[in-house]
Amino acid sequence: MAGGDMFRRVLGKTLGFLGYTVQYGCIAHCAFEYIGEFVACSGPSMEPTITSHDVVFSERLSRHLCRIEKGDIVIAKSPFDPHMNICKRVIGLEGDKICTSGPSDVFKTHQYVPKGHVWLEGDNLRNSTDSRSYGPVPYALIRGRVCLKLWPPHNFGALNQSPTGRIVKRSD
Amino acid sequence: MDCGDMFRRVLGKTLGFLGYTVQYGCIAHCAFEYIGEFVACSGPSMEPTITSHDVVFSERLSRHLCRIEKGDIVIAKSPFDPHMNICKRVIGLEGDKICTSGPSDVFKTHQYVPKGHVWLEGDNLRNSTDSRSYGPVPYALIRGRVCLKLWPPHNFGALNQSPTGRIVKRSD
Numbered sequence: 001m002a003g004g005d006m007f008r009r010v011l012g013k014t015l016g017f018l019g020y021t022v023q024y025g026c027i028a029h030c031a032f033e034y035i036g037e038f039v040a041c042s043g044p045s046m047e048p049t050i051t052s053h054d055v056v057f058s059e060r061l062s063r064h065l066c067r068i069e070k071g072d073i074v075i076a077k078s079p080f081d082p083h084m085n086i087c088k089r090v091i092g093l094e095g096d097k098i099c100t101s102g103p104s105d106v107f108k109t110h111q112y113v114p115k116g117h118v119w120l121e122g123d124n125l126r127n128s129t130d131s132r133s134y135g136p137v138p139y140a141l142i143r144g145r146v147c148l149k150l151w152p153p154h155n156f157g158a159l160n161q162s163p164t165g166r167i168v169k170r171s172d
Numbered sequence: 001m002d003c004g005d006m007f008r009r010v011l012g013k014t015l016g017f018l019g020y021t022v023q024y025g026c027i028a029h030c031a032f033e034y035i036g037e038f039v040a041c042s043g044p045s046m047e048p049t050i051t052s053h054d055v056v057f058s059e060r061l062s063r064h065l066c067r068i069e070k071g072d073i074v075i076a077k078s079p080f081d082p083h084m085n086i087c088k089r090v091i092g093l094e095g096d097k098i099c100t101s102g103p104s105d106v107f108k109t110h111q112y113v114p115k116g117h118v119w120l121e122g123d124n125l126r127n128s129t130d131s132r133s134y135g136p137v138p139y140a141l142i143r144g145r146v147c148l149k150l151w152p153p154h155n156f157g158a159l160n161q162s163p164t165g166r167i168v169k170r171s172d
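Protein chains in written order, with the UniProt record's numbering: chain S, 1 to 172; chain C, 1 to 172.
Honestly, the hints are just simulated from the structure, not real lab data. Source: prediction; values computed, not measured. A couple of the hints might just be wrong.
[To be verified] What the simulated footprint calls covered on chain C by chain S, stretch by stretch (three residues with Cβ under 8 Å from a Cβ of chain S suffice, anywhere in the stretch; the number is not a length):
1. 24–31
2. 66–78
3. 109–123
4. 130–142
All C-beta atoms in this analysis are idealised placements derived from N, C-alpha and C, irrespective of residue type, glycine included.
Next up, chain S with everything else stripped away, as it sits in the complex:
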């Protein structure tokens, strides 16, 4: 009798604990989904703006309200690996004309960004795999906009403008 009683109490407490975990897990998930998330970056493609092992805060509101603009640094799902994320700068939006030839090429080639897509490039042009290799990226793959650098502490604050001069000017 005592054993059955204790079992029911342990079961009750366990279910109660699981219930709270699910509840607060869902609330935390929604906070990360709709407010923002912390991202630890790795790789050289955004130097000098973001270096490897920097921690940034990526806010979600701009993405949900479709307020991503040229010059923003975004976190997006990689088009080639659904489990990986990429961190690049938005160079062009849909309809923009992107110059895809190198600065030393004789013949200039251009490409238009299709509807619903964006053109992403890293700030470290020499060491970045981005839209110059894999083409425009669907807007729906963007997760959030990087708005604040959190780590290292001596670099805390807003992020710099693009050092590359590649952002498409307003079309004439």
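Dock chain C against the given chain S, drawing on the hints supplied.
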């Protein structure tokens, strides 16, 4: 004194109500995100398997566990409009060779599905804008796998196999 008291009680109840709404809203959001969602389809591109105004249930587990297979009907975000969803069948996975020429073309053309992408086609080949027009779609755009037709009631149940014979066989 009375008004201040009543104001505090109304405020307390309102905040409590808002708290419950946020709490259960988050739990509902996570249920739709991780379990499945109901989708009302429109358009002729999946006839006869799914007709316009059918309601289907799209489960999320396969997408999160990367268990989407050839022949599955999936709901995905449209590559051209991040607010629209498309409902198509998976014809090929990454690495598959897709025949992109028509049945009446003399010269057969092929295309390989890149890593991290899928090739989607509607069952109604004559009236479907799909990968044949916009190319392979990144796997990360897939939202869920349609597993059950719910409406109309006389068509309730599992969905039919592809009527088109376009699904890529296991490569030799």
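A quick look at each hint next to the structure:
no.	hint	verdict
1	24–31	holds (count 5)
2	66–78	holds (count 3)
3	109–123	holds (count 4)
4	130–142	holds (count 4)
In this structure, every one of the numbered hints holds.
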